[in-house]
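Trainee: Protein chains in written order, with the working numbering: chain A, 95 to 628; chain B, 109 to 271.
Everything labelled a hint here was simulated from the structure, so no lab data went into it.
Hints are not guaranteed to be accurate.
[Unchecked claim] Examples of chain A residues toward chain B, derived with CB under 7 Å: (1) 240; (2) 243; (3) 244; (4) 251.
Idealized CB from N, CA, C, for every residue including glycine.
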Amino acid sequence: MAVAKWLCRVVIARTHSLELNSYSSSKRIYLNNGVNSRPARYSSSCHGQYDLIVIGGGSGGLACAKEAVQLGAKVAVLDYVTPSPRGSVWGLGGTCVNVGCIPKKLMHQASLLGEAIIDSKAYGWVLPEANAIKHDWQVLREAVQNHIKSVNWVTRVQLRDKKIDYYNGHGQFVDLHTVKVVVKTGKEHTLTASHFVIAVGGRPRYPDIPGALEYGITSDDIFSLENSPGRTLVIGAGYIGLECAGFLNGLGYDATVMVRSVPLRGFDQQMAGIITDEMMSKGVNFLMKCIPLSVEKKNDGKLLVSWTNITDQSTHSDVFDTVLFAVGRRALTKELCVESAGVKTVPESGKIFAENEQTNVKHIYAVGDVLHEKPELTPVAIQAGKLLAQRLFSNSNEQMDYETVATTVFTPLEYGTVGISEEVAIKRYGEDNIEVFHAFYKPTEFSVPQRNVKNCYTKVISKRKDPQKVLGMHFVGPQAGEVIQGFAAAMKCGLTMKQLQSTVGIHPTVAEEFTRIYITKRSGVDPNPQSCCS
Amino acid sequence: MNKMANSRSMTHAVRSLCRTVVIQTVTRTVISAASTCYRYYMHNNFSSTSQVRKSFVINSNEDFVNKVMNSDVPVIVNFHAEWCDPCKILSPKLKELVDPMNDVHLAIIDVENNAELVHAFDVKAVPAVLAVRSGLVVDKFIGLVDADMIENLIKKLTMKQGG
Numbered sequence: 095m096a097v098a099k100w101l102c103r104v105v106i107a108r109t110h111s112l113e114l115n116s117y118s119s120s121k122r123i124y125l126n127n128g129v130n131s132r133p134a135r136y137s138s139s140c141h142g143q144y145d146l147i148v149i150g151g152g153s154g155g156l157a158c159a160k161e162a163v164q165l166g167a168k169v170a171v172l173d174y175v176t177p178s179p180r181g182s183v184w185g186l187g188g189t190c191v192n193v194g195c196i197p198k199k200l201m202h203q204a205s206l207l208g209e210a211i212i213d214s215k216a217y218g219w220v221l222p223e224a225n226a227i228k229h230d231w232q233v234l235r236e237a238v239q240n241h242i243k244s245v246n247w248v249t250r251v252q253l254r255d256k257k258i259d260y261y262n263g264h265g266q267f268v269d270l271h272t273v274k275v276v277v278k279t280g281k282e283h284t285l286t287a288s289h290f291v292i293a294v295g296g297r298p299r300y301p302d303i304p305g306a307l308e309y310g311i312t313s314d315d316i317f318s319l320e321n322s323p324g325r326t327l328v329i330g331a332g333y334i335g336l337e338c339a340g341f342l343n344g345l346g347y348d349a350t351v352m353v354r355s356v357p358l359r360g361f362d363q364q365m366a367g368i369i370t371d372e373m374m375s376k377g378v379n380f381l382m383k384c385i386p387l388s389v390e391k392k393n394d395g396k397l398l399v400s401w402t403n404i405t406d407q408s409t410h411s412d413v414f415d416t417v418l419f420a421v422g423r424r425a426l427t428k429e430l431c432v433e434s435a436g437v438k439t440v441p442e443s444g445k446i447f448a449e450n451e452q453t454n455v456k457h458i459y460a461v462g463d464v465l466h467e468k469p470e471l472t473p474v475a476i477q478a479g480k481l482l483a484q485r486l487f488s489n490s491n492e493q494m495d496y497e498t499v500a501t502t503v504f505t506p507l508e509y510g511t512v513g514i515s516e517e518v519a520i521k522r523y524g525e526d527n528i529e530v531f532h533a534f535y536k537p538t539e540f541s542v543p544q545r546n547v548k549n550c551y552t553k554v555i556s557k558r559k560d561p562q563k564v565l566g567m568h569f570v571g572p573q574a575g576e577v578i579q580g581f582a583a584a585m586k587c588g589l590t591m592k593q594l595q596s597t598v599g600i601h602p603t604v605a606e607e608f609t610r611i612y613i614t615k616r617s618g619v620d621p622n623p624q625s626c627c628s
Numbered sequence: 109m110n111k112m113a114n115s116r117s118m119t120h121a122v123r124s125l126c127r128t129v130v131i132q133t134v135t136r137t138v139i140s141a142a143s144t145c146y147r148y149y150m151h152n153n154f155s156s157t158s159q160v161r162k163s164f165v166i167n168s169n170e171d172f173v174n175k176v177m178n179s180d181v182p183v184i185v186n187f188h189a190e191w192c193d194p195c196k197i198l199s200p201k202l203k204e205l206v207d208p209m210n211d212v213h214l215a216i217i218d219v220e221n222n223a224e225l226v227h228a229f230d231v232k233a234v235p236a237v238l239a240v241r242s243g244l245v246v247d248k249f250i251g252l253v254d255a256d257m258i259e260n261l262i263k264k265l266t267m268k269q270g271g
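The following block holds chain A by itself, in its conformation from the complex:
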């Protein structure tokens, strides 16, 4: 009976705090009776001290919060999605889960399956006529959104299970140790903590041209677009722009990419050129060295885009169903009012300069896309968040290693890479002190359907002098992400050319090309393959 009575009290308190839109640990309510037992009709509530408040429920924030709570900290997570100009919103999980990696990979897979259907005919599958094979955007969209929602739900369940307080509201710094957050019901909570982690990530930018905000969409909107995108202009040739144009083209939509300077700026430019060549051969149009001037809506609902070619100053225009801006992302630090806590940001991007994830304010940290000059990748944010929590709440001294981070661009023919580009290698060590090995190759599976292999290429950059430590590995081909992952571990171990070349390959795969690579650029020998096995 005493147990039941205690249970009643716990549950009343727990349900009371549920009304306040947070999941509190029953232990804390039991002990801090005074502060937390205010009835719900009060419009604001002041919560006791947290050990850690994480602002941003994305890859970095959640990883940090979950690790911290496991180490015994009292943690709260704030997450909020401001609707995009098009009105798109999404649930807990951040960019990756909702409008990034996950839906992107699913749509990329959808477009690859379209290619596979065509290939399958050569392998003996009896199919309807090519023009009877169509794609239904609504089916794909719903499948992708259902998956995203299931991940949102699992994430919320996890927070609840791990007893992390979750506030679905827009947080803002009030002072060094205080954050205020207004939740859906309009209630305002004032929270204090001994540590803060800023993990607010970023959102797509819009260019300052007429019609962009009113009529353009971004990656925030494409994955939940109600109607099929139709003839699409993608403005921007970073990896987001290229990946979007790639899968849209693969799904059967006319896709054009407008490039201001060069595609995949910051990546190895030879590889970037190979990627765009492949996309062109697949039917994607490229408008090189062009910048948009305006977007107008016509009477029939289509969009008239005007642009100028910066090489000859000529102007052009054309009509599209959808205009997708992928011209860069900006950090959400301004909305967070970081200056109220004294946190300094980089003026242009709004990003935070942090040394070992610590900002200029000792007890305020940052992880993820919001960090200045760190890779904007989910696994980087997750790893950094976890290690940070370990340093804060246990005896760990382990810092995040931002070097040798593998990444993949999921264009129709994928590009995987780990280590440095050829340009950076030349700049850092000098052309005479590096060796560049390269090879074109033919995936076995491409032979039967006679797929174009001219862009299947791999490159390894190493130091010239023995033991020829490997500095960078680059791969364009199918399953590039799967291929490169293992080599990242090898490079972290200090992979040398001798070790790479003495590794026996698995046959027939595309990954084995790295174990067979021997022709150097310096030798001038033709890197095209003669035959398969010898």
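Starting from the structure of chain A, add chain B where the hints point.
Mentor: Positioned in the frame of chain A, the structure of chain B alone reads:
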């Protein structure tokens, strides 16, 4: 120190309580303890559920108490999510099996709209189906199952009369 030890051992007691078939105490206390629910629970203790339709959607804790916990008739409780494909297969199947029966009701709970019920019943995956009779959870399954298993659950629910 003593208080801490006490509360810890109480937590253990609570956990083992949940695991036994005396879920009745837990579920009743959990739901009835919600501030708005408590009053209604006392009020509707003797209300008749004959006006309730056979298959219905639960929209609030109060709804749940009235139509499930206080139901004279056993109820199958289906935790459902719109984004879950197996749910979309199971829910119509449940409705199909329950509709012709006079002695069983079907309560559908959308997990997105009823966070407190999801929390109270510790639903971690959907679809989740509970068989409730006289406020007691007598059976449950998680995930899409075949028609045989659903029929067995219904049979078990309607077999013995009275608590």
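Trainee: Next step is simple, just say for each hint if it's right about the structure.
Mentor: Against the structure, the hints:
Using the Cβ-Cβ criterion of 7 Å, the hint placing residue 240 of chain A at the interface with chain B is satisfied: the shortest such distance is roughly 4 Å. The restraint placing residue 243 of chain A at the interface with chain B holds, with a minimum CB-CB distance near 4 Å, inside the 7 Å limit. The interface hint given for residue 244 of chain A holds, since its Cβ lies 5 Å from the closest Cβ of chain B, which is under the 7 Å cut-off. For residue 251 of chain A, the suggested interface contact is upheld, since its CB lies about 6 Å from the closest CB of chain B, less than 7 Å.
Consistency with the previously given hints is maintained throughout, with no hint failing.
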